[in-house]
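Chains as they are written, first to last, in my numbering: chain R, 453 to 989; chain E, 46 to 496.
No lab work stands behind these hints, which were simulated from the structure alone.
Do not rely on the hints blindly, as some may be mistaken.
Said to hold, decoys possible - Partial selection, computed: residues in chain E whose CB lies under 7 Å from chain R: (1) 55; (2) 147; (3) 149; (4) 212; (5) 215; (6) 217; (7) 220; (8) 264; (9) 265; (10) 268; (11) 272; (12) 353; (13) 401; (14) 441; (15) 458; (16) 467.
For each residue, glycine too, the CB sits at the ideal point set by N, CA and C.
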Amino acid sequence: MNKTSAPDVWEELVTSALLGTARRTPPGVVPGSDAPTALLDAAAVETVRRRAGLRPTRAAERPQPAPQDSRPALPAAASRRLSMLLADRPGTGSSGRRGTAPDLMELLPQWLSAANAHGYAAPPHLVPALLDAARGRTDLRPAALAFAGPRATWLARLNPDWRFALRATPGGGTALPPPQDTAAVRQLWEEGLFAERVALLATIRAREAAAARELLATTWATERAEDRLMFLDSLRTGLSADDEPFLEQALADRSRNVRATAAELLSALPGSALAARMAVRAGACVAVDRTHATPTIVIEAPHECDPGMERDGVVAKAPSGRGERSWWFGQLVEAAPLSGWPDRLGGRTPEEIVALPVADDWRDELHAAWCRAAVRQRDARWARALLGVPAAPEAGGPGAVSLAERAKLLGTLGAEERAEWVAGFIATHGLSEAFQLLGVCTVPWAAPLGRAVVDALNIARDAGSYPWSFSGVMGLAERCLDPGEAGRLEGLMAVPDEREDASPGAGGYWAEAFQRLVTTLRLRGAMAEELKGEPKG
Amino acid sequence: MTQQGVRWTADQVLALAPDAASRKAGSKLGAAGPWSEAGSSEEGTVWGLCKGSGSKPYQTVIDLADAAGPAYKCSCPSRKFPCKHALGLLLLWAGGEGAVPPGPAPDWAGQWIEGRRQRAQEKRTAEPAGSAAGAGDPEGARRRAERRAVRITAGATELEQRLADLLRGGLAGAEQAGYGLWEETAARMVDAQAPGLASRVRELGAIPSSGPGWPVRLLEECALIHLLDQGWLRRERLPDGLASTVRSRIGLPASADGPPLRDRWLVLAQYDTADARLTTRRIWLHGTDSGRTALLLSYGAAGRAPELALPVGLELEAEVSAYPGKGQLRAALGEQFAPPAPSATRPPGVSTDQAAARYGEALRDDPWLDSVPVTLDRVIPAPDGDSWQLADADGDSALPLTPTARSRPGLWRLVALSGGAPVKVFGECGHRGFTPLTAWPEGTGEAVQLC
């Protein structure tokens with residue numbers, strides 16, 4: 453604040469005090485043994501005078517008001533819940549064991565997505581805590597920033613710690629021009645920063661796919677290779693046959709990565725010329741041999757990787773430890789449209805094709821390539837055929853189709869079918885292999901899936917193992933089980949009598965784990981209720 | 046008054062927690078899972094059984110109706126107070142009607158409550174007699190006070206001598222002398238039974254290392270100690286009010302013997318400061334009828350929360366009595382007529398000009414005052430170089446924030462709450478700047494704690 457006393461009097465006092473009255477006395481003070489006291493007297497008067505005369509300073513430039521958040525306010529109970537979830541920061545706890553208390557931080561992601569689904573506005577005073585949480589956990593950022601809304605970008609401009617919020621928001625928080633405003637779009641596209649341009653392209657692509665492609669084509673030749681790669685990647689959204697000419701031209705790009713991405717995108721278009729070329733190449737390698745007692749697929753892998761194949765995105769050099777021919781073969785089958793195989797292989801359905809024996813140990817290679825193709829082309833029919841029956845014995849083992857591939861295949865199916873398949877898998881094979889598969893299921897879990905998981909946990913408990921062998925699935929169950937299931941779990945919370953063959957103390961730990969599960973489910977139920985808003989306000 | 050309508054908010058419950066770990070542990074227990082047989086009564090009692098790691102659940106019971114703040118009892122072995130179970134149960138109760146239904150108290154809870162009520166009753170009837178007994182030996186008390194005054198006078202005289210020596214040799218030398226000199230002098234003041242002087246002297250030690258401008262601050266503080274010494278040595282000639290202020294600044298004990306003022310007191314802020322030995326809790330109250338501001342102080346041993354806890358946003362009808370000294374805001378909480386309940390009342394505010402003037406006026410009664418409590422109306426937090434200020438929305442003036450306020454997370458809560466729009470802010474306004482403690486958004490909305 454402004455000090456309004458005569459500055460020179462005070463300055464003189466400070467100077468004398470600093471040097472000592474033995475060396476210097478301020479004006480009006482008699483040098484000598486009483487000089488220090490006289491100086492203190494004068495300084496006391498001045499100090500109180502200066503403080504009493506304090507005036508406010510001139511106001512600095514005030515920040516631009518934050519844009520209005522037109523979303524409805526969060527219900528009060530939900531707002532308190534959020535502040536509790538945010539207060540539970542990792543690393544603040546002292547004990548490693550979790551006991552029966554829910555892990556609040558793990559519930560934040562679904563709280564945020566539920567709040568976003570309701571379309572609530574964040575309470576302004578909690579936005580700093582939201583930004584701090586999102587700063588530490590990148591996976592939280594999209595949902596946290598969407599929920600925090602315009603206040604977050606407004607704050608991020610004032611605090612460098614939260615700069616990430618500007619990067620993550622399209623256009624650094626500055627509004628993108630409306631797509632109709634072609635002049636402004638052109639200007640931002642030609643002069644904007646890279647992040648702004650990516651955001652612009654993504655926004656337009658989502659609304660009008662062709663316009664984005666045309667915009668990209670205007671400057672394609674002058675872009676740097678790594679930028680071309682990023683821009684090309686944004687065409688993945690809304691990919692259609694209309695994009696083929698552009699992608700076909702990108703197959704001749706100077707950069708190998710750009711060529712590979714273009715080829716990958718083209719192969720996801722079963723009607724494209726590249727897909728047709730691949731179909732011919734792959735078809736030449738696979739045939740049904742009818743001379744065997746049962747029809748058998750025989751493979752004749754390509755002998756060379758010709759320039760045409762390379763131009764269509766086939767990588768010529770195999771990773772170390774892999775045969776060149778099987779490497780090329782895998783890429784061909786992966787990029788060939790799956791719809792061509794039934795005709796090529798005697799009019800069989802995908803199920804029948806998958807069931808055919810394959811000669812000379814080519815089965816794993818062929819099926820793996822088909823899996824990748826089914827995922828890339830999002831072909832549910834083939835995915836279903838390749839997944840097989842969940843209860844089949846080889847489904848649980850390290851068969852042709854790995855768990856990771858299965859998880860990806862499941863992603864091409866509808867939510868209900870996915871849950872049912874995983875439920876069937878767990879019912880037969882238990883939980884030890886199920887973690888990855890559970891991860892692709894829609895939250896909250898459908899009833900049959902939830903029941904399968906709980907039953908399997910119950911079986912694991914009865915088998916006498918410790919609950920932490922299942923901590924991954926337990927954690928998932930806490931986050932993903934339908935909160936409505938909590939009632940059915942109550943019986944599991946009691947500590948069972950210890951059996952002789954069980955691991956010592958396991959019963960108590962299981963009871964604790966189930967208590968935590970039920971507590972968390974109840975908490976999630978309460979969270980969902982709070983977000984619906986209290987009827988009584 | 047029934048308890049059903051006045052459930053606390055979770056924030057208010059969490060403000061009772063003695064430390065961050067308890068707050069976290071308590072908030073985890075604030076869900077229905079581990080609780081059974083929970084219930085509450087019309088009189089403001091909450092109870093429940095909490096499943097812990099042992100086979101027998103802990104019995105937790107809380108009495109919210111007590112005049113001196115909530116009382117807790119829990120069968121857990123924790124030495125924290127309140128323990129996490131009490132906090133969790135209160136959170137459960139704050140969270141809604143379903144989990145803690147009204148009903149008759151079970152025996153184990155009822156007995157404790159009955160006992161408390163009975164003791165409170167006995168205390169109330171015994172009080173008049175007790176206070177008479179306290180004044181048992183007036184002659185002895187007077188002699189003790191005289192002996193202490195002689196000691197303080199000797200200490201103040203010695204301190205004057207040391208200050209004179211310091212000023213004769215120059216403050217520049219103090220930079221080299223370091224803490225040792227001041228610690229030793231402070232110890233002498235403790236011996237002289239003048240704790241107020243001792244703590245002021247101790248603080249001098251930190252000034253030479255406090256950054257640019259330290260000679261000004263050191264001279265100011267030396268001058269104010271000198272002023273206090275002189276005030277003590279000439280206390281007979283001072284007006285009564287100022288003499289009391291000097292006595293309390295020196296550190297003489299006083300009792301809150303001002304006339305009790307009954308009002309509906311709104312809790313404006315509660316915050317703790319801690320040093321190596323002591324946790325000090327300050328609670329600012331605003332009398333909604335009288336317009337008075339009162340400060341309640343309570344103390345706890347280092348690392349432990351003081352017992353009195355009044356969460357921000359509650360209002361309580363009670364009597365407070367002021368401590369002696371002109372312009373002193375410190376008061377003691379007397380009889381409470383109703384348990385604290387949430388309130389939407391906001392204190393009236395002033396402009397930044399008026400706030401600065403109010404500090405100036407307060408120095409007339411107490412020149413040693415560092416700050417006064419003020420509510421600012423319609424101010425906008427604005428960045429000002431490295432720091433922040435609170436600028437009048439409708440004027441050209443602004444109050445800078447104090448250095449401590451600048452580095453607290455509360456600053457960002459305040460900035461976020463405002464979003465560039467005017468807010469109402471309660472805080473302490475003094476020569477170092479303004480320390481915001483609580484803020485209210487424009488329109489409706491709950492108070493947001495900033496400290």
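With a cut-off of 7 Å, does the beta carbon of residue 268(E) approach a beta carbon of chain R closely enough for the hint to hold? With Cβ-Cβ at 4 Å, under 7 Å, it holds.
At a threshold of 7 Å, is the proposed contact between residue 458(E) and chain R supported by beta-carbon distances? holds (5 Å)
Interface hint for residue 467(E), Cβ within 7 Å of any Cβ on chain R: At 10 Å from the nearest chain R Cβ, residue 467(E) fails the 7 Å test, so the hint is violated.
Does the CB of residue 272(E) sit less than 7 Å away from some CB of chain R? holds (4 Å)
Verify the interface restraint on residue 353(E): the C-beta must sit less than 7 Å from at least one C-beta of chain R. For residue 353(E), the interface hint is violated, since the closest Cβ of chain R sits about 23 Å away, which is over 7 Å.
Closer than 7 Å between Cβ atoms is the bar; does residue 401(E) clear it against chain R? Give me holds or violated. Result: holds, 5 Å to nearest chain R Cβ.
Is the interface hint satisfied for residue 215(E)? The criterion is a beta-carbon contact with chain R at less than 7 Å. holds (3 Å)
Take the shortest C-beta to C-beta distance between residue 149(E) and chain R; is it under 7 Å? violated (25 Å)
With 7 Å as the cut and Cβ atoms as the points, is residue 265(E) at the interface with chain R? holds (5 Å)
Against chain R, with CB atoms and a cut of 7 Å, does the hint on residue 217(E) hold up? Because about 5 Å separates residue 217(E) from the closest Cβ in chain R, which is inside the 7 Å limit, the hint holds.
Interface hint outcome for residue 264(E) [beta carbon to chain R under 7 Å]: Given a least distance of 5 Å, the restraint on residue 264(E) holds.
Holds or violated: the hint that residue 55(E) contacts chain R, with Cβ atoms closer than 7 Å. Hint on residue 55(E): holds, closest Cβ of chain R at ~4 Å, below 7 Å.
In this structure, the hints that do not hold are numbers 2, 3, 7, 12 and 16, in rising order.
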